[in-house]
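One letter stands for each residue in the lines below.
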Amino acid sequence: MIEAQDLTKRYGDKLAVDHLSFKVEPGRVTGFLGPNGAGKSTTMRLMLGLDRPNTGTTTINGRRYAELAQPLRTVGALLEAKAMHPGRSARNHLLFLAQTQGLPSRRVDEVLDLVGLREVARQRVRGYSLGMSQRVGIAAAMLGNPSVLLLDEPVNGLDPEGILWIRNLMKHLASEQRTIFVSSHLMNEMAVTADHLIVIGKGKLIAESSTQEFIERSSEKSVLVRSPDAEALAGLIAAEGGKAIPQDPAEGRAAALSVTGLDAPRIGEIAAANRIVLHELAPQLGSLEEAFMEMTADSVEYGGDTPAVPPRTSPSPFTAASTTSPGSSQ
Amino acid sequence: MTSISPPAPAATTLPAPAPGHRAGFGGLMLAEWTKIRSVRSTVWTLIIFAVVSMGLTGLLTWLTLNALNNGRRRASAGGIITDPVNFILGTGLGLGQLAICVLGVLVITSEYSTGAIRSSLLAVPRRYPVMLAKGLVFAALVIVVGEIVAFASFFIGEALVNGHVVTLHGVQAGHVISVNHTITVALSQPGVTRAVVGSGLYLTVLGLFALAIGGLIRHTAGAITAVIGMVLVIFPLAGLLPDSWGAHVHAYLPTVAGQLITADKPTAGQLLSPWQGFGVFCAWTALLFGAAIFVLQRRDA
Chain Y
1 MIEAQDLTKR YGDKLAVDHL SFKVEPGRVT GFLGPNGAGK STTMRLMLGL DRPNTGTTTI
61 NGRRYAELAQ PLRTVGALLE AKAMHPGRSA RNHLLFLAQT QGLPSRRVDE VLDLVGLREV
121 ARQRVRGYSL GMSQRVGIAA AMLGNPSVLL LDEPVNGLDP EGILWIRNLM KHLASEQRTI
181 FVSSHLMNEM AVTADHLIVI GKGKLIAESS TQEFIERSSE KSVLVRSPDA EALAGLIAAE
241 GGKAIPQDPA EGRAAALSVT GLDAPRIGEI AAANRIVLHE LAPQLGSLEE AFMEMTADSV
301 EYGGDTPAVP PRTSPSPFTA ASTTSPGSSQ
Chain R
1 MTSISPPAPA ATTLPAPAPG HRAGFGGLML AEWTKIRSVR STVWTLIIFA VVSMGLTGLL
61 TWLTLNALNN GRRRASAGGI ITDPVNFILG TGLGLGQLAI CVLGVLVITS EYSTGAIRSS
121 LLAVPRRYPV MLAKGLVFAA LVIVVGEIVA FASFFIGEAL VNGHVVTLHG VQAGHVISVN
181 HTITVALSQP GVTRAVVGSG LYLTVLGLFA LAIGGLIRHT AGAITAVIGM VLVIFPLAGL
241 LPDSWGAHVH AYLPTVAGQL ITADKPTAGQ LLSPWQGFGV FCAWTALLFG AAIFVLQRRD
301 A
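If you're matching them up, the sequences are chains Y and R in order.
With our numbering, letter number 269 in the first sequence gets 269, and the count goes up by one each step, no holes.
With our numbering, letter number 284 in the second sequence gets 284, and the count goes up by one each step, no holes.
These are computed hints drawn from the structure, not numbers from a lab.
Quick caveat, the model's predicted, so the values are computed rather than measured.
There's no promise every hint is true.
So these bits of chain R aren't anywhere near chain Y, every CB distance computed over 10 Å [stated by the list, open to error]: (1) A16; (2) G24; (3) S38.
When the alpha-carbon atoms are kept at most 20 Å apart in a straight line, the in silico EDC-like pairs for lysine to aspartate or glutamate are as follows [stated by the list, open to error]: (4) Y:K221 x Y:E240; (5) Y:K243 x Y:E213; (6) Y:K221 x Y:D159; (7) Y:K14 x Y:E240; (8) Y:K14 x R:E147; (9) Y:K82 x R:D243.
Going by beta-carbon spacing under 10 Å, a handful of chain R positions derived as facing chain Y [said to hold, decoys possible]: (10) L14; (11) G27; (12) M29; (13) K35; (14) S41; (15) S113; (16) L122; (17) R194; (18) K265; (19) V295.
The C-beta atom is built at its ideal place from N, Cα and C for all residues, glycine as well.
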């Protein structure tokens, strides 16, 4: 259980974290989501006492990090993959960390087995890929068998196999009633990994809810209807209290409407009752990506001139993917 | 670079660690020893230190004696006759000490430049024990290597100068006189053992001095420049300050005071005794080490 209270961090004129408060509960994976520059890494450094907050405190299982006598036995953290001396072997990196906590060197071999690096552990870290460095970082986080884990962008640099592995590892650790706090700017990754989301933008809390709720609440659902008689259908929909917006006609296809306020079965019934032919009747589920973009549109730190929200009418690959992915998290 | 095959698929289950004992400060010292021995820069810097110190002691002593034999006697060569111990301990170790400065700086700045400091501070969030353990382990390493190299340098020089006969020419009461002088050095002569042991002690405190500066500046190049600039340029140049106050300022500068313990005989007008000078050097180093701990506690990592 982590409790962050009123965290603020200012670097010169720039407010990196702005009165941020949240709780991270054990037994589930909590995603910490925000665009680049939103203050996720800074928040994690504040929580772990690496940076000093201007205001606020963080308690982990009721105690501040600096008060923990052997902190790695309570909290495991992966902050940046390359926080190691490149001239030192992974084994020696883990060994010195173990020695600070009074852990036997046997433990180093155990965590090396966990991340699958035992074979190369005596080589210097300089030759490791980013993905392998991430694995060393995860091994370091698991050294003390901690009940709380903070992972900053752990899937960075991992191959698909590695991503799947860490996703399963986090879920497994959460199922053991550990507290898992994982940051990402990849919305779709969080959709399949996190049970709960804390979303920040420009250092401020934007939303906190379950992943499912987050998608449902922040993406208004619409239905795409394609019909050769779209104009007549639009009138009927309006009469039933729905709102139909004509879409740009696609070449060689019937005119399309984006309908809100009525669900797909109701629209189908209206069409049938009025003998209107439908070519397509497709509920458009908002994706986590879209929900996230809508929510953080005002708070993107380094945004360009292009609109942050993609036009709803052209189903993006994200939309297609998300109709299945949020539900598929086991 | 080295190509490493991708890791094998890994497990998701991990046995719980053995309960283990409370690590305490001993664990931190062990960890610092692991850190310092597991990077190549430590080994290389110490090898350079030993080779430069002993090699230059032998080479410069031999060259100077040769020059004297050939009748080429310059002012700089005079030291080998008037104070051979100081000549032996001052030449090689005078340059070798720079390697100790570099190592002292690297021990801390390499953690900042690589980001390893964040791993260290996550493990020890109280922070200052890291610096204390690092200082103790590094000092223990330098005192062992430093004493070995100081004694080895002395014995190399001793073997070269002992029994060497120099003919000195002088004018006394209108007559030119020649005197044969045999150079003899031994650990048993007054102040000599203290000077050799003191050379190792001086190097140890110098290493801690560099470590403290490294902790304050945090950047390798900047800290090395600062330390070597002080030791080789700024402090010696302060000897040019005028009057009595200038002499006092110079005498109390860290390495100027610290080097007194490496000389067997006092020089004319020396303001501090060897042990007083060493005490002054220790005090400076303790002050800077305290400042390094203070900023470690306060700054963001």
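Would you check whether K35 (chain R) satisfies its interface hint, that is, whether its CB is within less than 10 Å of any CB in chain Y? Nearest chain Y Cβ about 5 Å off; hint holds.
Residue hint S113 (chain R), partner chain Y, criterion CB-CB below 10 Å: The hint holds - S113 (chain R) has a Cβ within 10 Å of chain Y, the shortest such distance being about 9 Å.
Let me know if the C-beta of L14 (chain R) comes in closer than 10 Å to any C-beta of chain Y, holds or violated. Holds, about 5 Å.
Does the alpha-carbon distance linking K14 (chain Y) and E240 (chain Y) stay inside the 20 Å limit? Violated - the C-alpha atoms of E240 (chain Y) and K14 (chain Y) are around 51 Å apart, more than 20 Å.
Minimum Cβ separation between G24 (chain R) and chain Y greater than 10 Å? Answer for G24 (chain R): violated, closest chain Y Cβ roughly 7 Å.
Verify the interface restraint on G27 (chain R): the C-beta must sit less than 10 Å from at least one C-beta of chain Y. With a closest approach of 5 Å, the G27 (chain R) hint holds.
Do the alpha carbons of K243 (chain Y) and E213 (chain Y) lie within 20 Å of each other, as the hint requires? Status violated; Cα separation ~24 Å.
Taking 20 Å as the top limit, are the C-alpha atoms of K14 (chain Y) and E147 (chain R) close enough? 52 Å, violated
For the pair supplied as a hint, K221 (chain Y) and E240 (chain Y), confirm whether the alpha-carbon distance does not exceed 20 Å. Roughly 17 Å between the alpha carbons, so the hint for K221 (chain Y) and E240 (chain Y) holds.
Find the nearest Cβ of chain Y to the Cβ of A16 (chain R) and say whether that gap is larger than 10 Å. 5 Å, violated
Does K221 (chain Y) pair with D159 (chain Y) here, judged by a C-alpha cut-off of 20 Å? Judged against 20 Å, a Cα distance of about 33 Å means the pair is violated.
Please verify that hint: R194 (chain R), Cβ, nearest Cβ of chain Y, below 10 Å or not. 37 Å, violated
Violated hints, in rising order: 1, 2, 3, 5, 6, 7, 8, 9, 17, 18 and 19; the structure is consistent with all others.
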